[in-house]
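Colleague: Below, each chain spelled out in residue letters.
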Amino acid sequence: MPSEKLDLLQGTLDVMVLKTLVAMGPMHGYGIARRIEQVSGHQVLLNQGTIYASLVRVEQHGWIVSSWGTSENNRKAKFYAINEAGRRQLAKETAYWERLAGVMDKVMAMRPSEAEGEPA
Amino acid sequence: MSILRRARERWRAFRSKPQLDAELEAEIAAHIDLATDENLRLGMSPGEARRKALVDFGGMNLAKDQQREARGLMKLDILMQDLRYTFRTLVRDPGFTVVAVLILALGIGANVAVFSVVNTLLLRPLPFPDSQQLVWIAPPPTKCGQSCATYSTDAYDEFRLYSRTFQDVTGYFAFSSPGNLSLNRGGAPISATGIDVIANFFKVLGVQPAMGRVFRPEDAVDGAAPVVILTDAWWRTQFNADPNIVGKAFDINGMQTTVIGVLPKSFDFGAVFSPGAKVDAITPLDLYGPPRSYGNIVTMIGRMKPGVTIAQAQGDAAAAAPHMCWQNKVPQSCGAYALQKDGTGGVVPVLLKDYVTGKLRRSLVVLWCAVGAILLIACVNLSNLLLARAATRSKEFAMRGALGASRARIVAQLLTESLVLSGAGAVFGLSLAFVLITWLAHQKAVALPLLMTLRIDGAALGWTVLIAVATAILFGLLPGLRLAGGNLQEALKDSGAGSGQGRKHDRTRSVLVVTEVALACVLLVGAGLLLRSFMRVLSVDLGFEPARAAAIQVDFDASAPTAAASAEKLRVTFQQVIARVSRIPGVEAAGVSDYLPLGQNRSWGMSYPKGVKPPDNNPDSPLVYVVSPGYIRAMGTRIEGRDFTWDDGPSSEKVVMIDRDLARYYARMANWPNGNAIGQVLDGGGGNLVRIVGIVDNVHEENTDGATGWQMYFPMTQANPNGAQLIVRTQQPPDSLASSVLGALRELNPKQTAAEFRPLQTLVDHANSPRRLFMLLVSSFAALGLGLAAIGIYGVISYSVTQRTQEIGVRMALGATLGQVQRAVIGKTLKLALVGIALGTIASLLAAKAIAALLFGTAPTDPAAFVGVIVLLGGVSFAAGWIPARRASRINPMVALKNN
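Respectively, the protein sequence lines represent chains A and B. Under this note's numbering, read the first sequence as residues 864 to 983, first letter to last. Under this note's numbering, read the second sequence as residues 748 to 1647, first letter to last.
Isolated chain A (complex conformation) (with noise of 0.2 Å):
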């Protein structure tokens, strides 16, 4: 186990939750919370409790919507499950990852000798 978790930018927790949702299906919030826990290799959630203000903000945003069920050992639990919204926020989100980190691999990859540029 990592000994320091990765500190999330703002809006981090909530593109993972989408993409969660998306590959997962409709799952409650302690499936998520797992789910996230378990792909980062517990590199980024603090606590499994902060989930639930993402999903809130997430769902007040109207990207995924929220139902009652119950889970597979018979438990009632609250199950989220992204829609169409969702789908095409987390494409842009996508997008957007992706051009951030490129830009930031190129910014990463630079020599010394080209960051000083050329002499006049």
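Chain A stretches covered by chain B per the calculated footprint, using a threshold of three residues with CB under 8 Å from any CB of chain B:
#1 888–900
#2 910–916
#3 934–944
Derived by calculation from the structure, the hints in this document are not laboratory data. Ideal placement from N, C-alpha and C gives every residue a C-beta, glycine not left out.
For chain A, the structure is supplied; the task is to place chain B on it using the hints.
Modeller: Below, chain B alone, put in the same frame as chain A:
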């Protein structure tokens, strides 16, 4: 889009908080259950499984708060929470709440009321469209009264012709006397007051009638059918608000007069042009009829063209002035209105607003400052009260701080409390202001312009909100910062009494009390000086005795084919009236004059001693009164020489009485032997000679607190009176004779209207009314300030006694006597009070200089006012300290020591 949607969702979430909270609760419970189930499957024991689930979930409350914050309106939630908490704490401490709200209500109420007055009189434009274009056109003030402030109809015409910067110029007849209309609808004639205006009057002012029409030029020509426009008030009271009144005709002054219109409620002639006077009807002035030869009779009011500045209008008027003639037929009277070589006269437009309320500006500013001081005192008091509470609540806040409340959160909570208090104060204050304003608006007898139009309007409401918020911040901030900034641990440990923190509070509170006392001192000195001035005004020798005398307007008809027959008819009529009224038991003297002092007036030209060359610069000519024999005695005016008699007839030598100052002026000019004017002859010009038979006291004819002008009295048997006011001097208060005097007049003339029998004192009161009202208001505010300061002193001393119960107990146990304990407490009180009084006295000296112009016969350093205030404040402070001192001396040492 989703942002909007989110905002809507958040608002909805805020509205349905309990339900959403319950749902979150259920969701989290399910989360824990699901996690526990999984942990069980992984082979943990039930206890271990659940513990691990909770640990993984993390801080339960944090998660909930985060979710709530994401979902709803956290700030609003906190505000609601603070409000609920505030209401709970305030209800728990009703004594504090009531006192605080009361103090704030008084402070805010006084401020809102005075703001309404200031707004109506100074800030708001006059109640006419584009009123900033309206100007009053007159020479600068003189001593010769209304005749020198008005123009002849010829001069008016020329001004209208030659001025270029005005859309139009209008005016009204300045010499209509109260009760000049007699409405006859069968039964006793009804007395009313009408004003003659130039036909374009309402057009220039921009007043639209509520019904019917305003005057047209053809209403004001020779032989036009008589018409009248009613004021809203008269239409309601006298004509039962008859909706079909327009077109009906009534017998007014013996002529069938048609009502052509009713004015809107918003138009009050008296409120703007003649403060304190009631005007019932408006009639057209026939400029080209007989008034043409009356001399100066019309005021001038102009409406400047759009974009014209007052300076341009003044230049234009000065250029037009040389063209204006007193009478066009008399060439040497042309240019009489232009600026004279000695700097007097001139045709000067001033903004109508400045003419109407300009004189009051200083008084109103003083009043505004006074209520500002009241508000400051109230704030200081509240700060003090809150500091006292803060001391007892410091533990509570320290505890909240320890539990994680941020400093900002605690200050916000305290500000919420202040706002709730000041909000409640504002609501009560507004009601208070409403009562005060309603009372003021009904002071019909007060000669202040626009008073009737006073009301609490939108601006006043805005002002209320503004001062409520400002007050809350002002009095809430200091205790708030003090509390929130306090050291947590110290506060938690601090048991209150006698500790360092307590002392620090004490010092702040002392500074506040000193401020309060100083402010109250300034208010009291101001009020004291105004009160002294008012007393001085009351004791002015007016030149007549207002007590036990009353006046009534007498209707008479002196029309006759020839001037001589008319004069004879007049003599017979009034000789009869005076003889008849004098026979009424209880009547000491009776006489008639056409004008009364402190009312309207007029002047004729200047006369000079016979054979003396008039000076180059004409002084202001004397005011002229046409009186009957006995008038001087009825007024209680002292006389040297002789009064007129009924034998001073049209054919006998012309006689005149003059006042003492004028007699001195003439005597010096003509070098009369012994300076004695009696028996000397004056030349009124054109061989018009009159002999001075009597010298009378200077009478205050225009105001009670200014310099007097000259006066000249002519016998009504030799000059034509402009009306008749019968003065009756009585042995008892005059009211008791009202009906018998009116009865006697009716006996002689059945057409006599039921005119009001007015005690002369009401004339004096009317003249003094603005000063009286102003003095009354400032005194009330000063009394309020004194009361608040007393509460402040009491609060601080009382609190310090409570805080030191233990210390006092120890002292008493160690042998301090009751007297020593009391002396210590009172000494502390007086020390605070004396510092406050000392600072206040210095501030008062500066403030008194600023109001010097409002004082009468009283120096700004008047020792009586200052000493009185110092003694009063000292006494009140002593009393405020004495009560807690007594309580301190009753402390039982045993109880005090055990109690902690």
